[in-house]
Structures are given as structure tokens and as C-alpha cells.
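Modelling step: build the complete structure from the supplied sequences, incorporating the hints.
The residues making up each chain are set out below.
There are 2 protein chains.
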Amino acid sequence: MTAGMTTTSIEDVDSTVKAGHAAFEKGRTADPATRAEWLEAIAGALADNAAPLVETAGRETHLATARLEGELKRTIFQLRLFAEEIRQGEHFDATIDHEDGEWGMGPRPDLRRFNVPLGVVGVFGASNFPFAFSVMGGDSASALAAGCAVVHKAHDGHLELALRTAETVVAALDAAGAPSGLFSLVTGRAAAEALVDHPLVKAIGFTGSTAGGRALFNRTAARPEPIPFYGELGGINAVFVTESAWAARRSEIITGYAGSFTLGMGQFCTKPGLLFVPGGHTAGIRATLAQALAGFEPAPLLSERLHGGFREAVEHLRANDAIDVLLDGDFAAEPSPTVLHTTSEALRRDPSILHQEMFGPASVVVEYGDQSELPGLAELLEGQLTTTVHAEAEDDVAELTERLADTSGRLLWNGWPTGVTVSYAQHHGGPFPATTSNTTSVGTAAIRRFLRPVSYQSFPADRLPEPLRDENPWRIPQRVDGVWNRPVRESASRDVEQEVGA
Amino acid sequence: MTAGMTTTSIEDVDSTVKAGHAAFEKGRTADPATRAEWLEAIAGALADNAAPLVETAGRETHLATARLEGELKRTIFQLRLFAEEIRQGEHFDATIDHEDGEWGMGPRPDLRRFNVPLGVVGVFGASNFPFAFSVMGGDSASALAAGCAVVHKAHDGHLELALRTAETVVAALDAAGAPSGLFSLVTGRAAAEALVDHPLVKAIGFTGSTAGGRALFNRTAARPEPIPFYGELGGINAVFVTESAWAARRSEIITGYAGSFTLGMGQFCTKPGLLFVPGGHTAGIRATLAQALAGFEPAPLLSERLHGGFREAVEHLRANDAIDVLLDGDFAAEPSPTVLHTTSEALRRDPSILHQEMFGPASVVVEYGDQSELPGLAELLEGQLTTTVHAEAEDDVAELTERLADTSGRLLWNGWPTGVTVSYAQHHGGPFPATTSNTTSVGTAAIRRFLRPVSYQSFPADRLPEPLRDENPWRIPQRVDGVWNRPVRESASRDVEQEVGA
Numbered sequence: 010m011t012a013g014m015t016t017t018s019i020e021d022v023d024s025t026v027k028a029g030h031a032a033f034e035k036g037r038t039a040d041p042a043t044r045a046e047w048l049e050a051i052a053g054a055l056a057d058n059a060a061p062l063v064e065t066a067g068r069e070t071h072l073a074t075a076r077l078e079g080e081l082k083r084t085i086f087q088l089r090l091f092a093e094e095i096r097q098g099e100h101f102d103a104t105i106d107h108e109d110g111e112w113g114m115g116p117r118p119d120l121r122r123f124n125v126p127l128g129v130v131g132v133f134g135a136s137n138f139p140f141a142f143s144v145m146g147g148d149s150a151s152a153l154a155a156g157c158a159v160v161h162k163a164h165d166g167h168l169e170l171a172l173r174t175a176e177t178v179v180a181a182l183d184a185a186g187a188p189s190g191l192f193s194l195v196t197g198r199a200a201a202e203a204l205v206d207h208p209l210v211k212a213i214g215f216t217g218s219t220a221g222g223r224a225l226f227n228r229t230a231a232r233p234e235p236i237p238f239y240g241e242l243g244g245i246n247a248v249f250v251t252e253s254a255w256a257a258r259r260s261e262i263i264t265g266y267a268g269s270f271t272l273g274m275g276q277f278c279t280k281p282g283l284l285f286v287p288g289g290h291t292a293g294i295r296a297t298l299a300q301a302l303a304g305f306e307p308a309p310l311l312s313e314r315l316h317g318g319f320r321e322a323v324e325h326l327r328a329n330d331a332i333d334v335l336l337d338g339d340f341a342a343e344p345s346p347t348v349l350h351t352t353s354e355a356l357r358r359d360p361s362i363l364h365q366e367m368f369g370p371a372s373v374v375v376e377y378g379d380q381s382e383l384p385g386l387a388e389l390l391e392g393q394l395t396t397t398v399h400a401e402a403e404d405d406v407a408e409l410t411e412r413l414a415d416t417s418g419r420l421l422w423n424g425w426p427t428g429v430t431v432s433y434a435q436h437h438g439g440p441f442p443a444t445t446s447n448t449t450s451v452g453t454a455a456i457r458r459f460l461r462p463v464s465y466q467s468f469p470a471d472r473l474p475e476p477l478r479d480e481n482p483w484r485i486p487q488r489v490d491g492v493w494n495r496p497v498r499e500s501a502s503r504d505v506e507q508e509v510g511a
Numbered sequence: 010m011t012a013g014m015t016t017t018s019i020e021d022v023d024s025t026v027k028a029g030h031a032a033f034e035k036g037r038t039a040d041p042a043t044r045a046e047w048l049e050a051i052a053g054a055l056a057d058n059a060a061p062l063v064e065t066a067g068r069e070t071h072l073a074t075a076r077l078e079g080e081l082k083r084t085i086f087q088l089r090l091f092a093e094e095i096r097q098g099e100h101f102d103a104t105i106d107h108e109d110g111e112w113g114m115g116p117r118p119d120l121r122r123f124n125v126p127l128g129v130v131g132v133f134g135a136s137n138f139p140f141a142f143s144v145m146g147g148d149s150a151s152a153l154a155a156g157c158a159v160v161h162k163a164h165d166g167h168l169e170l171a172l173r174t175a176e177t178v179v180a181a182l183d184a185a186g187a188p189s190g191l192f193s194l195v196t197g198r199a200a201a202e203a204l205v206d207h208p209l210v211k212a213i214g215f216t217g218s219t220a221g222g223r224a225l226f227n228r229t230a231a232r233p234e235p236i237p238f239y240g241e242l243g244g245i246n247a248v249f250v251t252e253s254a255w256a257a258r259r260s261e262i263i264t265g266y267a268g269s270f271t272l273g274m275g276q277f278c279t280k281p282g283l284l285f286v287p288g289g290h291t292a293g294i295r296a297t298l299a300q301a302l303a304g305f306e307p308a309p310l311l312s313e314r315l316h317g318g319f320r321e322a323v324e325h326l327r328a329n330d331a332i333d334v335l336l337d338g339d340f341a342a343e344p345s346p347t348v349l350h351t352t353s354e355a356l357r358r359d360p361s362i363l364h365q366e367m368f369g370p371a372s373v374v375v376e377y378g379d380q381s382e383l384p385g386l387a388e389l390l391e392g393q394l395t396t397t398v399h400a401e402a403e404d405d406v407a408e409l410t411e412r413l414a415d416t417s418g419r420l421l422w423n424g425w426p427t428g429v430t431v432s433y434a435q436h437h438g439g440p441f442p443a444t445t446s447n448t449t450s451v452g453t454a455a456i457r458r459f460l461r462p463v464s465y466q467s468f469p470a471d472r473l474p475e476p477l478r479d480e481n482p483w484r485i486p487q488r489v490d491g492v493w494n495r496p497v498r499e500s501a502s503r504d505v506e507q508e509v510g511a
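Residue numbers (my numbering), protein chains in the order written: chain A, 10 to 511; chain B, 10 to 511.
It is possible that some hints are incorrect.
Note: identical chains are not told apart, hence a pair may lie in one copy or across any two.
Claimed, not checked - Calculated cross-link-like contacts (lysine to any residue; reagent style SDA-like; alpha-carbon spacing at most 20 Å):
#: 1; residue 1: K35; residue 2: E46
#: 2; residue 1: K35; residue 2: A414
#: 3; residue 1: K27; residue 2: E202
#: 4; residue 1: K35; residue 2: L209
In case anyone wonders, no lab produced these hints; they're calculated from the structure.
Now the structure itself:
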């Protein structure tokens, strides 16, 4: 690891990546139980150091202690869930086709395939989740679970926390006997570019802005050897309310919306940035919003830079003639909520309104004339991490949800998109610009991003990697001649304990 | 479909893609049994039309009838295997997490994920497999199996066959009741570029040269909305022979090598282009090669253009001072085999020798001084579709095979890389420049390339897509709260009948 608050030189990036590659080579044949212990060692060390880490994070990010404790708990849980997942061995996707002289296209040799880790992965931390999407966040945890080495590019917004977290992780891995160099940290923009360009780096995980992510995506695509760029870039997270839901629960919906778009000062990539509602109730919406947000406690945004970007984005939309102001937030050091307002007709004239993310406590309410407009409005959206429908039992919204499935990674029913659980079925992704891939950065499925398949043809039994052996020494799921064979295991997901020291 | 031998205009590409998108929208909710019937209808129509299709293919490609019949049989088998695979429903990766108030990071909502098709896929046909990697080859079959629409860009090398095949496919889909426009064909370079650029095209499948593939990859990456480019670009397919294997089976190995690198006039992406053997037997190799190839029957290469490229590639290597000629092939209209020769020492001085593909009946024999050099030589290779080891039971080649797994998609033991079976465990891929992705273009796993996940949160039971319902109406595998539940089905892979009319 490159210590100190200074930025990492390009030479140091090179030696860090090479050390990561050496550690990857030493560690990649570790059995799943051993690798799971490494993840659990990190989880334990983060739990043991929760109090000072949360204190540092609070100082650097202005986020509330309870929020940071919850985020750290999530981060620790994620490591333990991934440990259990790789013990089960789903990620190997082990597939065995025995020799078959009667195979329909002609004799088939013995052929066996499983997934192997890619190598060194570069992970770019996010500003808004100093734990869960940063040093030991979802990208790092899934890359380590896959068997990769990680070089983490620290976000400047919480550099001290990044360094302390990295020290904790490195010490935990050392103590657990993992190869030295399996995880390390670099800082600074030049280091970031050198990381993306390094020939031994085989994938990038990124959480951040669309502009920054696209620039790095372009950079990976332009490498002599292109590599996957798993960028989670953000979104607008449109919410659609049907006429009957509006009639039945107008006040409840506005209150839920107010809570969701201001949660964490609106600095979530899943913040609802658009609310589509039936027209004709502007004054009522304003009144209910004011009431719902009466107890709002302003806090500083994550950084001066984000604060400037937030103000600029809101001002850009406010300057649009088709937009008026429903709730007039201020832009002091601790901004208060802004709610803008427009109509579906205006959006159809100028769909660019739909593409403007405001990273902070602001959102746009759109009044529509008739519910039949909704599928067409959904088609105007760019790729989304989430979209939400509020509807009643009698509503026919099949066409709307079909359009939303086209455009988003996660669809919610009568809920709010903030809050992204870490589980087997989670998909935190979506069409561009939500992400730059068809994968997820949250949940156990994220592990697959950092693996690639290799097949072995006609190998002697004792030369095969363990996951591909008939006797199945690691007791993992194997698809044998087309039929899955899953050794019975205790389902351990319930046993992933919640242990957070904070 | 755009008929006639003229090239497709950009306007026609637009209307073809739009028709494909409309067909995709109509067809995507078809149940797996219905979609499987569409694939089987295509398979049946190809079998019924085998004789005229093979005749046309032979005329356009100069490939032998038996070879073409085998390729068509493979193509038909592949469609039937994929039909059975989607009936089983593995490709949905259906995952259900029930609501769980005790989830370790905090209460978990009901969350369910499955894979949905991407939309319209552009498929670029290969020159060297007029059936298996062309109009209704692996990319088209897997995209249709996934539920996508396909717009196929015909290869100029067998345009009449492409048009006839497409007519057969379109008629079969129509008769089976598939939405009109689900499959179509375009021709010409301008159409190719328009296809890659079209906003409704959501992925590209490509089999072809590294230069052409890289150019199209760059083009997809530069789109406003980047899309996956699944390019299978080729490779050298190095073969490593240990000292004891060489001592035990020298003549057998040289004979197998001669057969493999000249198979189909050496026009396979899995042709062994490099053979590493112990030094000191140059004269013997020459003699055995000459003997093995005595009965070689020259045939024209696939096209004049490929013939020119082949000659150029061989001449480029022959011009290298470090290379001499073991078998002096000629470059007449029907070329005879060329075998070049160099040493491991020369390769270390000039590794570019390792990167020169010769698409035709030519290969390079490399003599090494000591077996311990092999892992280091393997490290000099670029990404490979395959690599092969010839070794004896007592050989320790663990380090070599580890290096080869780093660099290749499929490792073979005491075999030859030509011949790529279509099965569950097949991986026809590999690090760049073998491919531009971490996926396969052959085997059932190829279907996954054309799918993306979508999650549904807190949806009412009767609003969920069929694959995500607790009652599991399609009887597909579902991972429920972390545990896979696979309804028992007859294993049908044996039932995929071989019916080829030819």
C-alpha cells in the first residue's frame, strides 16, 4: 500500500499493480473456505475498528453517525454474505460434459468448464458511500471473493478514512495469511489513469458520475487490450403514480417521496428525481411537501465540489422556461430541499429535462394529463438504476411496467428506490447511462463480473482443477452432462451474523 | 429481409432494425416452449433444404461436401440443443429473495431477479463457416434463444448461400407463427456500419479478423450508448510438447499436428499455428511432416482475398531472419502446406513472431532447449482461443498449464484444437485478441450474452413475470432465498436428434 496523504506516483502504481498480480498468482488456487476466511477477517477487523472509522468518516463526509454506522454494518454484512456465497461455490459455474460418442453432432470429448478470477482489478471509490461503495465496498468485496487482487483508487472526498480503512484491511489480510499485496490503495488523478492503463489490470469497478465514468470507459476501450469497465454512473429514478393511487393515497405518496428524495441529503444514486402524478393538484402538492419537509434538518453536502455541481444542476433546470418552482430551496452551506415542477407536455417538447441529474436534495414533479401517457413518457427516459410504480390493485399498468423493464435495472411497486439491499436477487445496474455493462454492483451476482470461463478438454482426472473433478472435493454445484448436481449444504445466509462494534 | 444481391441501403437498415425491434417486443413474452419451437422450426427447415444449401455453399466456398454437411449437421444440432436448453430455463437465472425482516443488514424487501433479452442483436457472419458461424450460426441461434431479434450482416464470401439460408429461416419462422421481422439479413459495408450504430441495436456478435473486429469494437464503444461487442477474432493456438511426450510419441505427434493445421485448408480459428518441441530433431521433423502430408489434397482457399492475406502473412514471417523453412509450400490457386521453423531463443528476442496469424495451411515449429523454458514461453503469448499440452503421465506441467489458463479459453490435453463441440461445458473464447469479451460464442453458455438482469421489488404476485412466481408455472430452476430449486425434468440432451437431410 502506498501510505501518506500524498498522491501516488506512476512508478508506485506500477509496483503496486505488480505486487497485486504476484499476490493474485499466489492466492488464486486457495480453496473457497480459505478465501472466505480472508473476507471474514476483513469483516471482523472493520467491526473491531468501527468506532474510529465512523468518527473519521463523519468528519470527512458530514454524514450522520447513525447513517455511517448503518453503512458500515452493510459493508461488513456484505463481506460475510460473499464469504458464504463462495463457500457454496455457485460462482464457479462448474460444468462437466463427459466424453460421449453418441453426442448429436458427432462424438464429444470430455470437456469441463469453470470460472477463474481475472487478475488485478482497479476499483474506484464513490464519494457518497465512504464504506459501502469505497475502499472495501461492493466492488472490492466481489473482486476479492472472485479471487482477484484489488488496487483501490481512493476518493479525494474521504482520503483519511480511505487510508485508515485500507490499513485495517491490509493488516487483517496479513493476519489471516493472505498473500501480501492482495489489496492496496493508490491516490490521485495521475494514479487513476495509470491504473486504468496498466497491462496487468484486467477489469475496472467504478461508482461515480456519468461524465467521469464515460471518460474512464473510453480509456479502457482504447487500451491495446480492452478490459471490462463496470461503471455504475447514476440515474434519475423516475416514479410513476397512477390516477387511482393518487386518489387513494396522495398525501402518503407525497410524504414518502419527500422522505426518499431528501434521505442522506439526496446524495444517493437511487434518489427519486422525477415524480409523475395526475395534473390539477399543484397547490395541494406544494402544501403537503411543505408539511412533510417541515422537520427537515439541513446538513452540508459531501463536498464543496458536489455542492457546486448540485447548485449548477438545479439552476440549469430552473432556467428552463417550461419549469417552475414548487418548493424554493436555498443553497446555503447546508441546502434545503428544492422541488421543481413541469408538465408531461413540456417533457415531450424537451426530453432533456429527464436527463438532468441533481445530486442533492432536489427533485422534479411532473403533472400528466391522462394515465395513458405514462408508457410513452417512460420511453423518453434514459437508462435507469430504478423505476417505481405506485398503483392500486385494479390498475392495468402492464404496458408501463414493460417499458420500465426496458429502461431500468430494478422495478419497485408502491415503494421508494432509496435503500438497496445486498442479497441474491439484487440487481443494481441498468442500461446506459445507469451503468456501462449488463451487470450488477450490489448483491452476490456482482462476484461474477470478475471471473472468466476456462474449459479443459480431455485432461487426466488428477490434473483437473478441484472444481472440475468428478469426486468434487470442494462439494460445489456441478452441472454434469446437462444436469445440475448440488451437494446439500446448510443454508448459511441466516448465519451471517450482524456484528458491528459501533 | 432485404432481398436481392445488391447491398442494403442505410434507410433499409433502419427499417429492418425497427421491424426487428417490433418483432422483439411482440415475441419477448413468449414462453420457453414456444420459443423452442421457433428454433426447432428453423432446424427442421435447414434439414429439409440441406441438399441445395450444401450445393450452394460448396460452389461459393470451395469447401468439400462432407465438410459442409458436417457443418450443417452441427448447425441444426445447435438449434435443437438451444431449444432444449431454454425449455429447461437455466438462462433465466431466476432468483427469488422473499421478504425477510431478520436479514443481517436490516429488513429485506421481497426482491426477485431474472434475465430478459437485450433487444435487436446485429450478427456478423464469418467467412470460414458458411453455416455454423454465419446466417443461422452460434450467434444467431443464441440471440434468438435468448429472446432477441437478429439482423444478420451477410459475409460477402458466400452471399448467395446467405440469402438462401435467410429465406429458409424467415419462411420457417413465419410458418411457426413467430413475429414477422424476428430475423432478417442485410448486406454491404455501409449497412454493417449502420447496423453497429443503430440506437435500437443492443449487442453485436462478430466472428472475423482481429483488425476488422477491433474496428467494430471501437465503433460500438464510441456510440452514445455503448453496447456489448462479442467479437471472436482468432488466434494462434499454440501446442506445447514435453520432452517425454516427444520421446514417446514423436511421429504420432507430428502426424496429428500435420492433420490438424491443414484441416479445412487451415482455415479454422482453432488451427494449431505453433508447435513447441524439444530441439535437435529438425531433419526428422521435416521427414515425418513430408510423409504425413504426402496425401494432402490442395483446394482453393475460401476467397481470393483470404488467399492474398495468407500469402502475405507467410511471406512476412519468412522474411524474418530468425525463421527458416521446414516445408516449402507453394502459393498456387490451391496452396500446399508450409511449415516454418524457429527457436525459443529467437522468440524471446522477437515475440512478434508469436502474434502473426496465418489463415491457411501453414504453421510454425519452435524448437526449445529445455522444458523449463515452457512456462516463460507461454507468458509471451497473446490471448488464445485454445492452447494444448502434449505430455506423459510422469510430467510435472502444473506451472505451464497455469500460465496457459491465464492466456487461453480452452486447454487441451494430448489432443488437437480443431473441432469445437457444442455442449454445456464448451468455452470458445479467451483473452484479447482471441475475443473482445469474457464470454463464449459456442455452447449453451453463449445464450447468456444476449440477456440482462432485471429485479422486481415488492411486486404483487399476479404482476410478476412467470419466471419469478412462487408457483413457477414454467417449471424452471429458481434460486429461492439462496437455495436452488430445480424441478425434475427428463434430461433431453440425448433426445436432440440428428436429422440432416443431406
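Checked hints:
1. K35 x E46: Classified as within; 16 Å inside a copy, 49 Å across copies.
2. K35 x A414: The answer is between: 15 Å across copies meets 20 Å, while 42 Å in one copy does not.
3. K27 x E202: Classified as within: same-chain Cα gap 16 Å, cross-chain 39 Å, threshold 20 Å.
4. K35 x L209: Answer is within: at 15 Å inside a copy they meet the 20 Å cutoff, but 45 Å across does not.
Comparing the model with each earlier hint shows no violations; every hint is respected.
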